[in-house]
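J.: Put chain B on the given structure of chain A with help from the hints.
Protein chains: 2
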Amino acid sequence: MKKIMNDPNRVVQDMLAGMIAAYPNELKQIPATTAITRSEAPVSGKVGLVSGGGSGHEPAHAGYVGKGMLDAAVVGEVFTSPTPDQIYEAIKAVDGGKGVFLIIKNYTGDVLNFEMAMELAEAEGIQVDKVIVNDDVAVEDSSFTIGRRGIAGTVFVHKIAGAIAEQGATLEEVKTVAEKVVNQTRSMGMALTPCTVPAAGKPSFHLEENEMEIGIGIHGEAGIERKPITTADEIASELTEKILTDMDLNNNEEVAVMVNGLGSTPEMELYIVNKKVNQLLTEKGIHIYKTFVGEYMTALEMTGCSVTLLKLDDELKTLLDATSEAPAFRN
Amino acid sequence: MKKIMNDPNRVVQDMLAGMIAAYPNELKQIPATTAITRSEAPVSGKVGLVSGGGSGHEPAHAGYVGKGMLDAAVVGEVFTSPTPDQIYEAIKAVDGGKGVFLIIKNYTGDVLNFEMAMELAEAEGIQVDKVIVNDDVAVEDSSFTIGRRGIAGTVFVHKIAGAIAEQGATLEEVKTVAEKVVNQTRSMGMALTPCTVPAAGKPSFHLEENEMEIGIGIHGEAGIERKPITTADEIASELTEKILTDMDLNNNEEVAVMVNGLGSTPEMELYIVNKKVNQLLTEKGIHIYKTFVGEYMTALEMTGCSVTLLKLDDELKTLLDATSEAPAFRN
Chain A
1 MKKIMNDPNR VVQDMLAGMI AAYPNELKQI PATTAITRSE APVSGKVGLV SGGGSGHEPA
61 HAGYVGKGML DAAVVGEVFT SPTPDQIYEA IKAVDGGKGV FLIIKNYTGD VLNFEMAMEL
121 AEAEGIQVDK VIVNDDVAVE DSSFTIGRRG IAGTVFVHKI AGAIAEQGAT LEEVKTVAEK
181 VVNQTRSMGM ALTPCTVPAA GKPSFHLEEN EMEIGIGIHG EAGIERKPIT TADEIASELT
241 EKILTDMDLN NNEEVAVMVN GLGSTPEMEL YIVNKKVNQL LTEKGIHIYK TFVGEYMTAL
301 EMTGCSVTLL KLDDELKTLL DATSEAPAFR N
Chain B
1 MKKIMNDPNR VVQDMLAGMI AAYPNELKQI PATTAITRSE APVSGKVGLV SGGGSGHEPA
61 HAGYVGKGML DAAVVGEVFT SPTPDQIYEA IKAVDGGKGV FLIIKNYTGD VLNFEMAMEL
121 AEAEGIQVDK VIVNDDVAVE DSSFTIGRRG IAGTVFVHKI AGAIAEQGAT LEEVKTVAEK
181 VVNQTRSMGM ALTPCTVPAA GKPSFHLEEN EMEIGIGIHG EAGIERKPIT TADEIASELT
241 EKILTDMDLN NNEEVAVMVN GLGSTPEMEL YIVNKKVNQL LTEKGIHIYK TFVGEYMTAL
301 EMTGCSVTLL KLDDELKTLL DATSEAPAFR N
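So the protein sequences, as listed, match chains A and B.
The numbering of the first sequence is UniProt numbering, which starts it at 1 and goes up by one.
The numbering of the second sequence is UniProt numbering, which starts it at 1 and goes up by one.
Bound conformation, chain A alone (with noise of 0.2 Å):
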């Protein structure tokens, strides 16, 4: 196993360090927790938005906190949840008194912890809600999973209700246009190479030299289909394809695009799957409105990409052009 790396149980640690070394006017780390806030946590006023799950999907989620996106992320073990203390002294740091919102990826470990956590700070007095990602459409319950996961098509839930939050929506409002990117947001993915947990030290399952697996998520569950490697042309028709089939989606409608590296994959791999992409919408008669090519949700040094689309209208359109500082995501 090849990581840049010191401690293989270390790495959160060293990584969440490396973050706020970074950006140290920009990012906190909650003493004795592996939460990062905005440095000027709590915002007096605001909604604060909490996301978070297991590391490994760098940029996501510590990524995208910062004026505009999130408040907090809390960030897991490598592929694994965070606990529920870690997750409430979250909520906690957030709360500017108008109540705090969680955007959590459906997995059965992030939904169990978050809502444990949301409990606990409801018992404080600090009013909470949620929204629960399952933007992709490759299967029904998974290993990890009671209905579908949640992976790329969440940047999108982060930064449209982090724009509404951030102009001052009450709990409620952000709940509901929250809601509205997650039904109008469906993705799909597909690997070539697995991908290695530093504390395991080998991959986490095999493909051989001339497969690849649709379908796939974020950690390696099984997707839909092995099978032997097609060009860049029919790998995006198919994910396309089996996307538009569950969205309700008609001619002149307006989308967003995201192409999902999910960690090895050259930027010039996923501009070809774009390419296609953008053309198969454009036969259509869909509309893109703003496209989106690089790493957003990766899994490691997984080789492959996922294709989102988000359905748009006008307060979608606005909400997702506004200012963001975020720093993986500059708006």
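Hints are computed from structural coordinates only; laboratory data are not their basis.
Hints should not be assumed to be uniformly reliable.
If several chains are the same, the list does not tell them apart, and a pair holds so long as it fits within one copy or across any two.
Capping the alpha-carbon separation at 25 Å, the derived lysine to any residue pairs in SDA-like fashion look like this [said to hold, decoys possible]:
id: 1; residue 1: Lys202; residue 2: Met1
id: 2; residue 1: Lys311; residue 2: Ile20
id: 3; residue 1: Lys284; residue 2: Glu208
id: 4; residue 1: Lys317; residue 2: Arg330
id: 5; residue 1: Lys311; residue 2: Thr170
id: 6; residue 1: Lys28; residue 2: Lys67
id: 7; residue 1: Lys284; residue 2: Gln13
id: 8; residue 1: Lys67; residue 2: Arg330
Just so it is clear, the structure is predicted and the values come from calculations on it, not from any experiment.
T.: Coordinates of chain B only, in the frame set by chain A:
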């Protein structure tokens, strides 16, 4: 070889089509070339900035085309210099009447072809000047270079020369500040795994499972030493110390730091490296003004990283902080 592509001989064309599809309002391709310009090129009364080189280093260089940075990037085949005629077309396309400035990474092929294009343009009455970036302290001369190689530090030249050009500086003023950045920028890299040029179909070099190479170039050119993988702290120290022995950097002076991923390195590991780089500089009394962690100058799917230091003064700080709207460098 596992890659997401259609035809190994068409990766550059497909990538550029995917980029234009992603940023149709921001970028355009010069017809019948592989050069990308801002959509509004030429900008009247502004020095036009042109860079480029072989592809495979994405987001460099096309991702840095945009207001506040480059006016054009000329994209060669993978790890291959663009031809003089393509560079010449880019120079003509961005000439707004105030001259054109070329930012060239120091590789023999790039220097030769950019200089040939410069002569062609000058013969047409376009005023052209240039800077050659040679930030890599690892080796004097290499398989592709006389003198030092240009690597990730080139992005600082794009950013700062781009900012002053945007403010309406003359060609001479742009050159002066670009040369200052080159003189005050030093980098060094290392790799854990090789990369594969699509048309070649096999890795360009081999490293043993427990081996790394210090000082390697962004095309896999030989570095200083192959040795067993050490810790992130030791890697960060070795790169930083080698840079510092070559820089005139005193106590209380200020730098910008870039920890750059070569393609496959999880962002987590780049932050782990940054932790140590930050600590080393701080211990020496060097003040870190700004830190950049991410993929700025890659080598396809090579695993590894580079560290870059840019010594700052008030002028450079202001220009570094100026607005950039390039897709891969939002400021």
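J.: Now tell me, hint by hint, if it's right for this structure.
T.: Here's how the hints hold up against the structure:
Taking the shortest alpha-carbon separations for Lys202 and Met1, both the intra-copy value of 6 Å and the inter-copy value of 21 Å come in at or below 25 Å. Proximity of Lys311 to Ile20 under the C-alpha cut-off of 25 Å is restricted to the inter-copy arrangement: shortest distance 21 Å between copies versus 35 Å within a copy. Proximity of Lys284 to Glu208 under the C-alpha cut-off of 25 Å is found in neither arrangement, the shortest distances being 35 Å within a copy and 49 Å between copies. For a Cα distance limit of 25 Å, the shortest separation of Lys317 from Arg330 qualifies both inside one copy, at 16 Å, and across copies, at 19 Å.
In this assembly of identical chains, the alpha carbons of Lys311 and Thr170 lie at most 25 Å apart only when taken from the same copy (23 Å versus 46 Å across copies). Only within a single protomer do Lys28 and Lys67 lie at most 25 Å apart by alpha-carbon distance; the minimum there is 13 Å, versus 32 Å between protomers. With identical chains, the CA atoms of Lys284 and Gln13 are at most 25 Å apart between copies only, with a shortest distance of 23 Å across copies and 47 Å within one. When the C-alpha separation of Lys67 and Arg330 is checked against a cutoff of 25 Å, the pair qualifies both within a copy, at 10 Å, and between copies, at 15 Å.
Violated hint: 3 only; the structure is consistent with all others.
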